[in-house]
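Novice: So the chains spell out like this:
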Amino acid sequence: MAYILNTDDDTREMLRAIGLDSLDQLFDMVPADFRLDRPLDVPPALTEIELTRHVGALAARNASVEDRPCFLGGGAYDHFIPAAVDQLAARGEFYTAYTPYQAEASQGTLQAIFEYQTLIAQLTGMDVSNASLYDGGSAVAEGILMALASGSRHGRVVASGAVHPEYRQVAETFLTNLEPELVTVPCRNGRTSVDDLTAALTDDTAAVVLQQPNVFGQLEDIEPLVAAAQDRGATVIVSVDPIGLGLLKRPGDFGADIVTAEGQALGNHLCFGGPYLGILCCRESYLRKIPGRLVGQTTDREGRRCFVLTLQTREQHIRREKATSNICTNQGLMALRASIYLALMGPLGLRDVAEQSARKAHYAADRLAEVPGLSLAFDGPFFKEFVVRVAGGKDPARVLAEVGRLGFHGGIAIGRWYPELADCILIAVTEKRTRAEIDALADAYRAALSSS
Amino acid sequence: MLKKDQPPLLFETSRPGRRIAVAPPLDVPERPIDDLIPARHRADTPPPLPELGELDVVRHYTNLSSFNMAIDANFYPLGSCTMKYNPKRNERLAALPGLAGLHPYQDESSIQGMLQLLSELQELLGEIAGLPAVSLQPAAGAQGELTALMVAAAAFRDRGERRTTVLVPDSAHGTNPASAQLAGFQAVTVKSDARGLVDLDDFRAKLTDEVGVFMITNPNTVGLFDPQIGTIARWLHDRGALLYLDGANMNAILGVVRPGDMGVDLMHYNPHKTFSGPHGGGGPGAGPIAVRDDLAPYLPSPVVGRRDDGTFFLDHDRPKAIGRVRAFFGNVGVLVRAYCYIRSQGPEGLKAVAQHAVLNANYLLALVKHAYPVPMGERCMHEFVASARALARDRGVRAMDIGKRLIDYGFHAPTVYFPLIVSEALMIEPTETESRETLEAFARALLAIAEEDPDLLHRAPLTTPISRPDEVAAAKRPVLRWSPSPVEPSATSDRGPRTVPSF
Numbered sequence: 001m002a003y004i005l006n007t008d009d010d011t012r013e014m015l016r017a018i019g020l021d022s023l024d025q026l027f028d029m030v031p032a033d034f035r036l037d038r039p040l041d042v043p044p045a046l047t048e049i050e051l052t053r054h055v056g057a058l059a060a061r062n063a064s065v066e067d068r069p070c071f072l073g074g075g076a077y078d079h080f081i082p083a084a085v086d087q088l089a090a091r092g093e094f095y096t097a098y099t100p101y102q103a104e105a106s107q108g109t110l111q112a113i114f115e116y117q118t119l120i121a122q123l124t125g126m127d128v129s130n131a132s133l134y135d136g137g138s139a140v141a142e143g144i145l146m147a148l149a150s151g152s153r154h155g156r157v158v159a160s161g162a163v164h165p166e167y168r169q170v171a172e173t174f175l176t177n178l179e180p181e182l183v184t185v186p187c188r189n190g191r192t193s194v195d196d197l198t199a200a201l202t203d204d205t206a207a208v209v210l211q212q213p214n215v216f217g218q219l220e221d222i223e224p225l226v227a228a229a230q231d232r233g234a235t236v237i238v239s240v241d242p243i244g245l246g247l248l249k250r251p252g253d254f255g256a257d258i259v260t261a262e263g264q265a266l267g268n269h270l271c272f273g274g275p276y277l278g279i280l281c282c283r284e285s286y287l288r289k290i291p292g293r294l295v296g297q298t299t300d301r302e303g304r305r306c307f308v309l310t311l312q313t314r315e316q317h318i319r320r321e322k323a324t325s326n327i328c329t330n331q332g333l334m335a336l337r338a339s340i341y342l343a344l345m346g347p348l349g350l351r352d353v354a355e356q357s358a359r360k361a362h363y364a365a366d367r368l369a370e371v372p373g374l375s376l377a378f379d380g381p382f383f384k385e386f387v388v389r390v391a392g393g394k395d396p397a398r399v400l401a402e403v404g405r406l407g408f409h410g411g412i413a414i415g416r417w418y419p420e421l422a423d424c425i426l427i428a429v430t431e432k433r434t435r436a437e438i439d440a441l442a443d444a445y446r447a448a449l450s451s452s
Numbered sequence: 001m002l003k004k005d006q007p008p009l010l011f012e013t014s015r016p017g018r019r020i021a022v023a024p025p026l027d028v029p030e031r032p033i034d035d036l037i038p039a040r041h042r043a044d045t046p047p048p049l050p051e052l053g054e055l056d057v058v059r060h061y062t063n064l065s066s067f068n069m070a071i072d073a074n075f076y077p078l079g080s081c082t083m084k085y086n087p088k089r090n091e092r093l094a095a096l097p098g099l100a101g102l103h104p105y106q107d108e109s110s111i112q113g114m115l116q117l118l119s120e121l122q123e124l125l126g127e128i129a130g131l132p133a134v135s136l137q138p139a140a141g142a143q144g145e146l147t148a149l150m151v152a153a154a155a156f157r158d159r160g161e162r163r164t165t166v167l168v169p170d171s172a173h174g175t176n177p178a179s180a181q182l183a184g185f186q187a188v189t190v191k192s193d194a195r196g197l198v199d200l201d202d203f204r205a206k207l208t209d210e211v212g213v214f215m216i217t218n219p220n221t222v223g224l225f226d227p228q229i230g231t232i233a234r235w236l237h238d239r240g241a242l243l244y245l246d247g248a249n250m251n252a253i254l255g256v257v258r259p260g261d262m263g264v265d266l267m268h269y270n271p272h273k274t275f276s277g278p279h280g281g282g283g284p285g286a287g288p289i290a291v292r293d294d295l296a297p298y299l300p301s302p303v304v305g306r307r308d309d310g311t312f313f314l315d316h317d318r319p320k321a322i323g324r325v326r327a328f329f330g331n332v333g334v335l336v337r338a339y340c341y342i343r344s345q346g347p348e349g350l351k352a353v354a355q356h357a358v359l360n361a362n363y364l365l366a367l368v369k370h371a372y373p374v375p376m377g378e379r380c381m382h383e384f385v386a387s388a389r390a391l392a393r394d395r396g397v398r399a400m401d402i403g404k405r406l407i408d409y410g411f412h413a414p415t416v417y418f419p420l421i422v423s424e425a426l427m428i429e430p431t432e433t434e435s436r437e438t439l440e441a442f443a444r445a446l447l448a449i450a451e452e453d454p455d456l457l458h459r460a461p462l463t464t465p466i467s468r469p470d471e472v473a474a475a476k477r478p479v480l481r482w483s484p485s486p487v488e489p490s491a492t493s494d495r496g497p498r499t500v501p502s503f
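So the sequences go chain by chain: E and V.
Each residue of the first sequence is one higher than the last, beginning at 1 in UniProt numbering.
Each residue of the second sequence is one higher than the last, beginning at 1 in UniProt numbering.
Just chain V, with the same shape it has in the complex (with noise of 0.2 Å):
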């Protein structure tokens, strides 16, 4: 980072009269404006954007890109969310014209190239989850939540059946319980043991007769298995409810273990974690879900179907789907790029994403426990929980201390304070696709960081363009937007006011 200063807002940067964008000579006759739309509905002016050169705009977005850590440029173990590398490839073929100019209206006809991908799509995810029956129009796994305890609750609804109640462990995401709660449902927590499994006792305390879901995450947010899955599933079964599976960590369990072969009736994948689609500073994402055959009547339309003449279409003729969750088909592009990725990897090559992944964290976590200790397990999956407790306790160094002075290592921080029942959480993700120098390095500023001098850290990060910004202010008197202000003529200029276009 040469840069050191954040560049000016856009419209701090606006200079009346600057212009980019020019459109062609019109080309049909012109006739006056007020021929074509009344004046009542037009504006009295252009909208109040900022004026910019084309260069303004480059520079603009090219220097604020370099205030931000990535994969391209960091290690960014940000747990929970699989911050793997993202193929190139993958860029350059969903950006295909075949690929990414198709209208979501056009003619079966002229898209049997793209319902061929998306249902071969389809029929991978079934696969790999063990459970056939696959709808990829979820926008993000949230959504994926959504639609699939909206297939349950239909279901319920189509067999006479009354559940109100939707079961969720507390180390859960944040996200199943407010979906259960969007589906009509009514979020039960369950709690975990001391080993950071479901509490079983706790679990059929709560398994009345209510209950339509269990959801559960597997491996679960601590990074552990929790083996007693099977049982879990024969109980919930045995009442006629359902098991959902949270499929945000299935990068642990490629090719190793498959979601419906343990009992699970219903999950969704996050795409854009494990089929390495780019997470976009925040999305796009895509959420598919995959659930038993018995429930796919209940899936979203439109599906991808093939006719006998194999040719593709798009099936909207399901009389039981649940309707829609957004617009058009789904995250295409995403999809695309988790396409590209699984035919990248093959069956071999998805298994040692999980291997890999699981080594890289035990690896880590080897290197670093005697220092931060991790409350549930010596051994994990593809992530572990340290708790800086002791760290607290002893020095007053907190979780978030450590995370924001890794950054000064060059590394991003952590998850922190995630999952809600490890106190002062440290949720470590190496992914499968960092080396073991990175992971040795990171190992490396995590022990030097335990004996930093705890002033320093709860200064920390030094080396940033900005610190430890005051988050309290911003929530107490938000500012949301920038607002042209009238009364406050700018100290730096002499060119005149550095505001948008008033007209």
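Only chain E is shown next, with the shape it has when bound in the complex (with noise of 0.2 Å):
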């Protein structure tokens, strides 16, 4: 049997030792009427290499990132990852470890996790980051439900109609079964306006919701959003592109209160959508609502600096029902990854991605306007993500479709979300595409264009 050490012997001398006969003894507290009497219905076991044939040939029937050029963003990109991130997160000593309940069994973990809790605040300008979610949509829930345990207010949370609709769809689950109603003000031009926020708050919403750059890739004009929200007394909850801050400005220079990210780009792999990473972090005076895991930095019985798990009293174990949060398992290796990441990265190697990816995204944009049937549909700034709009009537997801066969994942189909926007296309562009794979891109959409 895979991976059981007990030989035929070890089995009868343990038996024994218990003071039974046989396997099915040890079952006899579970009622025989209840007990399987044959065996389940799956398929017989694979050897490693029947296993390795078999799956390999599920995973060849796939068009990966690395079979076709990847166009695709909408909350998870294709950035470069570094090897060493690879090679130091599969050392064994990080990946079968688990949550560093024990500390002095578990430093390295503790250690990491502290740099990570570091790292993400020096990036964002936020005062404290929590050691991982699960990833930037829960993220966005938690960053609610924080802000209503932090004030009286239960009346509304009011969402910008350009934050991630899958990120706005699990707020709107989370908020099904308590009392504030979710309330999204639709953008124009794929961007919120002042007015048509402020028209949206009341005196009894707890927090609102924004996201830079937005879902369409724009960036907001994001300071005035921030501060009529806060004027209203509103928690101020901002998504962010954690590469983007390699670049742009940090929240915690816009003022927000709570920032999340989906911090897959840093390091993680694409894995056809997690386990990704919800980075959270707030304002020091939200510490006490803070949801998951807390490393702080104490000493030891000799005075040595060490790492500890820390005001478990806001969690599940302890508090039960009562908790910040029902999180216990987090993403504590994609956190380690986004750490070595950054560590690898450095100021100036993530400003060289931020760069580089605005500065391609950019000329991608030209490039695809430039093809007959296609334009921009927005004229903001933009990031390093961009919508086109597809003329003369024609089915998006024919274009994208033909494009695919052309040999590119060419963009997201957004009228999946916008109704209003069906015949959209979200095109994202990273550092690891280069001039011939843009030129190629448009050119394939040229082509698609021409024969759909």
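Simulated from the structure, these hints should not be mistaken for laboratory data.
One thing to keep in mind: the hints can contain errors.
[Claimed, not checked] The list that follows gives simulated cross-link-like pairs (lysine-lysine, BS3-like), each with its CA atoms no further than 27 Å apart:
hint: 1; chain 1: E; residue 1: LYS322; chain 2: V; residue 2: LYS206
hint: 2; chain 1: V; residue 1: LYS476; chain 2: E; residue 2: LYS322
hint: 3; chain 1: V; residue 1: LYS191; chain 2: E; residue 2: LYS322
Using the supplied hints, reconstruct the complex from the two chains, each of which is provided in its own coordinate frame.
Specialist: See the structure below:
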């Protein structure tokens, strides 16, 4: 049997020591009428060679971002991952450990998380980061719960319509069984207007959720939006792109109260959507309501610096139903990868990644706008992602299918989220893309539009 | 462990001018950045991250890793966490570019292999649970609990029923009441009886018409299978309420008994426990849920569907779905490893997992129970909870002291002080992947410790780089990040301040 070390002799000896004759007797606490009287209906065991062949064949039926240049974004991005990230995170001492409950046996993980918390705080300009959440979507929901727990307002949560639709769906799902309503501010020309936001705010609005750059890649005029929300006493939650912070203004500098992010782009593989990394950080005043693990610095009995899980009275294993969140296992390995990534990038490396992504995205936008039948949907400044409109009533899904056939992951049809943008495609460009790939993408769109 | 001193923080190692990542020459026309992104959106300086060389980073993390205990190096009997061996083959397969290199919004035609794998996993988990409808979306066990409770809430709403209460045993994981609260229910605790099982009298007294769900962990956190589960399910169903199973302990019953066959309506799995996903130093996990067929419409979207022509698709067209609990499909990398594990085991292998997990736990129990009494049960399932109560009373040695001392013997500590219903609890889960020799060595260590000088035990561990951190100080004056200190020049460096750049 795979991975079981007991030999038949061991099994006999061990049963004898317990005072039993058979393995079946181990389960005599389980009522007989519930016990399964047949083998599970699952396929027979595969050896390592067979499994490798089988899973390899399944993998071969997919076209990965290594098979086709990837221009897909929408919260998950094909940024370059340095080899050292994979090599270091593959150390069994990291990935086969668990939550560092025993500080003396876990200083490696604890120091790495403390450094992660620092790196995220430095990157965002915020006071405090937690040890990670599941993903960028649930991080927004947890940010909302924090805002609700931090004040006495429970009537309303206002989200910009340019916040990633799946993040808003997560927030909506979380709020379904709770008191506040989620109100969405529609966006105009791909951005959120201060007037529209202000109109949605009420005296019992607990939180406002914004995204910078927003889901269309557009840069919001963020400071007036933040000010408008805070003037009405709402907590401002801003979801950001951590790569963008190599170049863009830090949320701590534009006044955000709680900052969330999808941290996948920091050294984590795309993996069809997960495991990713939920980043959550905040101003110090929200500290006692922060969800999930926190690592703090202290000293041991001989005065040596060390690190421990701390402020655990916020957490479910102590507070149970009064906890700030139900989260237990989080995304430790992804946070480790993000830390290694940021350590490898450094200030100038991250700035280059952000700047090259932005420059290549702008080049791509120019080239695609030259393609007959395509135009840029919005005219505001953008970072590394932009929306093109397909003219002539052509179905973006069919255009994308043809672009795919020509060898590209060419974009995301956003009509699935925005019916009013049913003719639009979201395109992301990272520093990995080359001018040749971008030119070829434009050619593929040209061909697809002339044929479909 | 050759090294004794923990490495300095990354930030303390930073040297202005060191650099690793360099972008290739820009191959698109270079325009002034102001033309692309107006200055008001840009930061004035690059982010204040440390400046390091590649060998700095590699040594830093390699050395840090040596300050961890981990399954690859140590027996790790952390009760309730199922720290079993994480097969290397699963790591290699999950990292295949054809799986790890898929973007979540790729066109369906380009991910048919992935969707087939996930579709098969839905079926495998349904069969193992005896509950056919599966959602792979939840990112961890706690999120699975929350999702399942939201599914239940949606079903009650749909039926026009108002059910406000979720019952949770006092032996349950803390996530259970926390999830109940978050799903909009009031969590009410049901007592355990002297045997460590659900106190049926208390359960019956609290089973009102307001009760929507009872969350049971079976085998429970004391390591016992609660044979009353059939009665519990019947009473709940008679009142229109649902039975939820916290699947944290599925390792004990794989292929032996299926939750659906004993009346469970909804459950979650912890693939990182039961199906050998590495725990990652605190995640990632995954928390797929399996539910009865009639609850399937409420599962979050999307689920993987199969068309008549054999192709697979992501089914978003499910009007009664509760929505989403996270973005994108789920923690797919963890799910791929679970798939690899289940396919490696087959039906006999899965049952053997449960058999040997329970055998190992009972064998270890038999070796130590004369020195470490187990208040609830002479026998156990996959884990047992010993009590250091007598040691604490007679010699002043607490569960924590024993756990810390085990580290000196090269073993990770068991879970201590949980479940809450056993005083001075030591919750020990050896798992099926440990050998008899390891169990015996661990037992010898436990027995030796019971005889050791209490003063020594209070100071344990004695062989680790640090010992007995001051947790009270950590919580009282939280230091949750390194901060650049402008007034404190480094005493150890004559090469300028060790700090991150300020530009």
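Novice: Hint by hint, say whether it matches the structure.
Specialist: Against the structure, the hints come out as follows:
1. In summary, the hint linking E:LYS322 to V:LYS206 is supported, as the alpha carbons are separated by about 20 Å, within the 27 Å threshold.
2. Straight-line distance between C-alpha atoms of V:LYS476 and E:LYS322 comes to about 20 Å, which keeps the hinted pair within the 27 Å bound.
3. Simply put, V:LYS191 and E:LYS322 have alpha-carbon atoms about 19 Å apart, close enough for the 27 Å limit, and the pair holds.
Of the hints listed earlier, there is not a single one the structure fails to meet.
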